[in-house]
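Let the hints inform the model, and build the full structure from the sequences given.
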Amino acid sequence: MESRPTHRKSDPNLNPETNSVGPPSALTYLDPHYWDERFSSEEHYEWFKDYSHFQHLINANIKPSSSVLELGCGNSLLCEELYKDGIVDITCIDLSSVAVEKMQSRVVSKGYKEIKVVQADMLDLPFNSECFDVVIEKGTMDVLFVDAGDPWNPRQETVSKVMATLEGVHRVLKPDGIFISITFGQPHFRRPLFMDPKFNWSMEYSTFGDGFHYFFYILRKGKRRDEEKEEDEKCNDPSISMYQDELEGEDYLFRTHIDDDED
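Residue numbers (the working numbering): 448 to 710.
It should be emphasised that the hints constitute simulated quantities derived from the structure, not laboratory data. Some hints here could point you the wrong way.
Stated by the list, open to error - Simulated pairs of lysine-lysine, DSS-like, Cα-Cα distance not exceeding 25 Å:
id	residue 1	residue 2
1	670	621
2	621	563
3	621	645
4	560	645
5	549	531
6	563	510
7	621	608
8	510	608
9	549	563
10	496	510
11	563	496
12	510	557
13	608	645
14	557	531
15	510	560
16	531	560
17	496	549
18	531	563
19	670	645
20	557	496
Claimed, not checked - Simulated restraints on C-beta separations:
id	residue 1	residue 2	range
21	557	510	16 to 24 Å
22	488	622	15 to 23 Å
23	548	570	18 to 26 Å
24	511	565	18 to 26 Å
25	635	559	36 to 44 Å
26	623	503	37 to 45 Å
27	479	610	15 to 23 Å
28	490	669	38 to 46 Å
29	654	560	31 to 39 Å
Quantities reported herein were computed from a predicted structural model and do not represent experimental measurements. Even for Gly, the Cβ is constructed at its ideal location relative to N, Cα and C.
Have a look at this one:
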């Protein structure tokens with residue numbers, strides 16, 4: 448793994464609006480140094496489509512009065528778009544101090560003074576229990592899966608990190624709070640983790656995108672039914688086709704990793 452990959456300004460895959468280029472391997476995403484270097488030069492990048500593609504799902508599930516925690520804000524515009532939709536009680540976290548510093552400057556410069564930006568690890572959330580109405584992540588948890596191995600039977604280290612994240616989210620959510628996960632991960636891979644017996648939330652999902660589908664999961668705390676486990680076992684989630692020409696930017700790296708594991 449390269450600890451400090453170089454951004455190639457002349458690369459044909461370079462996004463002129465974001466001034467960024469994907470790393471040579473998905474495993475690079477696990478290196479904190481990569482993110483610090485990337486955020487130092489990159490102003491903005493959106494994983495898994497921009498806000499306009501799932502805004503209707505946000506508006507249907509988050510009230511303007513909700514307190515929201517965003518995991519792994521990076522340099523996304525998600526918190527700003529939520530703010531423009533009237534959701535102003537927002538706390539953003541990121542592991543990268545560079546991302547946090549730049550995000551703090553950006554939201555202040557735009558007058559979004561209610562948005563709080565904190566350096567924190569989603570595997571160990573530094574917040575009191577039951578203090579947020581909504582926790583949302585967009586592509587952040589997907590990074591944990593880049594070295595998962597067999598997607599049907601992921602490595603224990605991967606599972607442990609994912610469960611630490613979910614346990615933290617479950618803890619900081621209010622009794623009737625919701626967790627929104629916007630992800631590349633298909634339901635037959637996410638369901639066993641999301642629906643672990645230790646959680647009392649229900650699970651539903653929608654899709655968005657053209658041809659290729661991204662997933663918008665909603666986990667509602669306190670809504671899990673006794674019969675839901677049986678229903679999960681009977682559920683045959685559809686396999687969603689993955690068309691290369693529908694993927695944006697670096698999304699292909701996640702797809703390539705999954706394809707390699709399934710070969």
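Comparing the hints with the structure gives:
no.	hint	in the structure
1	670 - 621	holds (12 Å)
2	621 - 563	holds (19 Å)
3	621 - 645	holds (16 Å)
4	560 - 645	violated (37 Å)
5	549 - 531	holds (19 Å)
6	563 - 510	holds (18 Å)
7	621 - 608	holds (22 Å)
8	510 - 608	violated (30 Å)
9	549 - 563	holds (12 Å)
10	496 - 510	holds (22 Å)
11	563 - 496	holds (24 Å)
12	510 - 557	holds (22 Å)
13	608 - 645	holds (15 Å)
14	557 - 531	holds (11 Å)
15	510 - 560	holds (19 Å)
16	531 - 560	holds (13 Å)
17	496 - 549	holds (22 Å)
18	531 - 563	holds (15 Å)
19	670 - 645	holds (13 Å)
20	557 - 496	holds (23 Å)
21	557 - 510: 16 to 24 Å	holds (23 Å)
22	488 - 622: 15 to 23 Å	violated (43 Å)
23	548 - 570: 18 to 26 Å	holds (21 Å)
24	511 - 565: 18 to 26 Å	holds (22 Å)
25	635 - 559: 36 to 44 Å	holds (38 Å)
26	623 - 503: 37 to 45 Å	violated (22 Å)
27	479 - 610: 15 to 23 Å	holds (21 Å)
28	490 - 669: 38 to 46 Å	holds (40 Å)
29	654 - 560: 31 to 39 Å	holds (35 Å)
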